[in-house]
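There are 2 protein chains.
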Amino acid sequence: MKIFKPFEVIREELEKAEECSRELLNSNVRLVLTAGGYILDSGGKRVRPGLTIISGKLVEAPLERLIPVATVMEYMHTATLLHDDIVDGAKLRRGRLSANEVFGNDVAVLVGDYMFAKAIYILAVYGGDKVLKVAAQTVQEMAEGELLQLEKIGDINLTEEEYFDIIYRKTASLLSTCCEVGGIVGEAREEERKALKNYGKFIGYAFQLVDDAFDYISDEKTIGKPAGNDIREGKVTYPLLSALKKATESEKERISQVLSTVEPTKEQIESVRQFAFEKGGVEETIKLAREYVERAKEVLNVFPESPLRKALFEIADFIVERTS
Amino acid sequence: MKIFKPFEVIREELEKAEECSRELLNSNVRLVLTAGGYILDSGGKRVRPGLTIISGKLVEAPLERLIPVATVMEYMHTATLLHDDIVDGAKLRRGRLSANEVFGNDVAVLVGDYMFAKAIYILAVYGGDKVLKVAAQTVQEMAEGELLQLEKIGDINLTEEEYFDIIYRKTASLLSTCCEVGGIVGEAREEERKALKNYGKFIGYAFQLVDDAFDYISDEKTIGKPAGNDIREGKVTYPLLSALKKATESEKERISQVLSTVEPTKEQIESVRQFAFEKGGVEETIKLAREYVERAKEVLNVFPESPLRKALFEIADFIVERTS
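Residue numbers (the working numbering), protein chains in the order written: chain R, 4 to 327; chain B, 4 to 327.
Chain R with its partners taken away, still in its complex shape (with noise of 0.2 Å):
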């Protein structure tokens, strides 16, 4: 199994918790393992699990336990990808087709209830109660992040405090509770507990930052989905916000128009997109997500130096790594 490089400390848990995913993946509706598979098996790097079983790790969870609950933290990953599709109308997920145009948005809503359910289920056999109210309170914050995005469609008055908040839910939500649950299964003290829990959401901000700023930087070939997207579908975020603190009046009247018109043209994103650049905005997000690694890094001072401890701030680090 090809692995992500700081996931070598958790080697054969991850690999174990590959063969329970397939394992769970079990049901007698062939659309359910070929549309879940196929997102399944879209190489990501199983962010979510892995985080789950070092943090578990770390304060030595019963591995009977973390490796599923673990697993899961994926398939609730995978039910996000497959709705948010059909909610941004994406073509393309992580360069190949996106699941809702191959199997099309009935299939992709109906294969992402079952495993946002399937995962329910397993929290409830292997993670006990706090778990899973955990989990449940993700779920609700991750559709709620979504929906706020889809309010502030084209606000270029959206706050600071705005921006956060959505990509708290959003983003940040899922990986501070993929570290936390796995404190839960091994019975963390409080503080231990919560330093995973910040952990997670300080690299969501960066890994979110991160994501925002390389709509600005990238293109279709690199990051498997074309640039200036955002700017297309009208959402402000932290590279425009940034810019914005600098603009001028009739530069802000310029730059709302673009952002709510339907289909702006390639010229229109294109001039947004320099904008943003020009006042420093994109720089500084890249600087606020390095930031963000920084505290996470920080609060796991609570752990002695380990070969875990090491490999969660190796992911810290990678979130802005491929920045540079």
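These aren't lab readings, by the way, just hints derived from the structure by calculation. Just so you know, even glycine gets a beta-carbon here, dropped at the ideal spot from N, CA and C. Each hint should be verified, as a subset may be incorrect.
To be verified - Keeping only pairs whose Cα atoms sit at most 25 Å apart, straight-line, the calculated DSS-like set for lysine-lysine is:
hint: 1; chain 1: B; residue 1: K133; chain 2: R; residue 2: K136
hint: 2; chain 1: B; residue 1: K133; chain 2: R; residue 2: K133
hint: 3; chain 1: R; residue 1: K133; chain 2: B; residue 2: K136
hint: 4; chain 1: B; residue 1: K19; chain 2: B; residue 2: K269
hint: 5; chain 1: R; residue 1: K19; chain 2: B; residue 2: K290
hint: 6; chain 1: R; residue 1: K19; chain 2: R; residue 2: K5
hint: 7; chain 1: R; residue 1: K290; chain 2: R; residue 2: K60
hint: 8; chain 1: B; residue 1: K269; chain 2: B; residue 2: K94
hint: 9; chain 1: R; residue 1: K136; chain 2: B; residue 2: K282
hint: 10; chain 1: B; residue 1: K248; chain 2: B; residue 2: K282
hint: 11; chain 1: R; residue 1: K136; chain 2: B; residue 2: K136
hint: 12; chain 1: B; residue 1: K94; chain 2: B; residue 2: K8
hint: 13; chain 1: B; residue 1: K155; chain 2: B; residue 2: K249
hint: 14; chain 1: R; residue 1: K94; chain 2: R; residue 2: K48
hint: 15; chain 1: B; residue 1: K249; chain 2: B; residue 2: K300
hint: 16; chain 1: B; residue 1: K300; chain 2: B; residue 2: K290
hint: 17; chain 1: B; residue 1: K94; chain 2: B; residue 2: K155
hint: 18; chain 1: R; residue 1: K290; chain 2: R; residue 2: K300
What the hints assert, rightly or not - Chain R stretches covered by chain B per the calculated footprint, using a threshold of three residues with CB under 8 Å from any CB of chain B:
hint: 19; region: 119 to 133
hint: 20; region: 146 to 156
Given chain R, put chain B in place with the hints provided.
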């Protein structure tokens, strides 16, 4: 509060559930409130919370746990309605515009997810482990049922077993679960829990059979959606399944052709309806529904006579009464 007649016996509890429902829908995201509220307010009979309350009260379940559990059974139902309307591309629901028509598929997906997650959260808090497992199992089954139905579109070789498998998952499973969880919250004896579960399953079968018959009988004015919908969508349901048993090869071929046409004409749809009527398929469907209603009432013999048991009888009878 206007109330479904058999629920008069639990009016007070149902009103509490209504209040609980409003309290639970307390997101700070506007779209959750508007879209969630839109569908919750669309005038359902609250069959699912009502069944949970009656079932629970039959075995003296504590109200402080029964009410929230019952309340979120409607949330689970609402979530599936939101998602099913996307699958069906439904424009109408209970005689008014469906939520996906008003708010868009994106909002419908996400608000559905939110309501699922809220339901799971509340079940984790008030229902306990067993309730959660049963509920999570049901969500899986419902998604599988819809997927199975999609797989079988246009397939006139659908077996009776497959048909019942589909309607169990898409309809009977949740009704059965509503009754069962009432029993579980009340710590019902094994025999009582099973009786409640089976009662729910049998009325579920009856309900879906009648619904499928109505699609052949009724028109837009009386049931709030156009007749012949299932034929248009290529769904083989019991009226046709039953009629096909008596069909000649050439009749089968003709029917199969209509069902696999993407946009069949009114005349084509009408010809399939006629066929199902003439071969007695609609009549057979109603007859079978009546049988399930009787079986549903029979299993309740494990409980002594009481106003609550009588209410469950009335609900069962109501399902087939609307056909005469």
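Comparing the hints with the structure gives:
no., hint, verdict
1, B/K133 - R/K136, "holds (15 Å)"
2, B/K133 - R/K133, "holds (15 Å)"
3, R/K133 - B/K136, "holds (15 Å)"
4, B/K19 - B/K269, "violated (46 Å)"
5, R/K19 - B/K290, "violated (52 Å)"
6, R/K19 - R/K5, "holds (14 Å)"
7, R/K290 - R/K60, "violated (31 Å)"
8, B/K269 - B/K94, "holds (18 Å)"
9, R/K136 - B/K282, "violated (53 Å)"
10, B/K248 - B/K282, "holds (9 Å)"
11, R/K136 - B/K136, "holds (14 Å)"
12, B/K94 - B/K8, "violated (29 Å)"
13, B/K155 - B/K249, "holds (21 Å)"
14, R/K94 - R/K48, "holds (21 Å)"
15, B/K249 - B/K300, "violated (31 Å)"
16, B/K300 - B/K290, "holds (16 Å)"
17, B/K94 - B/K155, "holds (22 Å)"
18, R/K290 - R/K300, "holds (16 Å)"
19, 119 to 133, "holds (count 8)"
20, 146 to 156, "holds (count 7)"
Violated hints, listed in ascending order, are 4, 5, 7, 9, 12, 15; each of the other numbered hints is respected by the structure.
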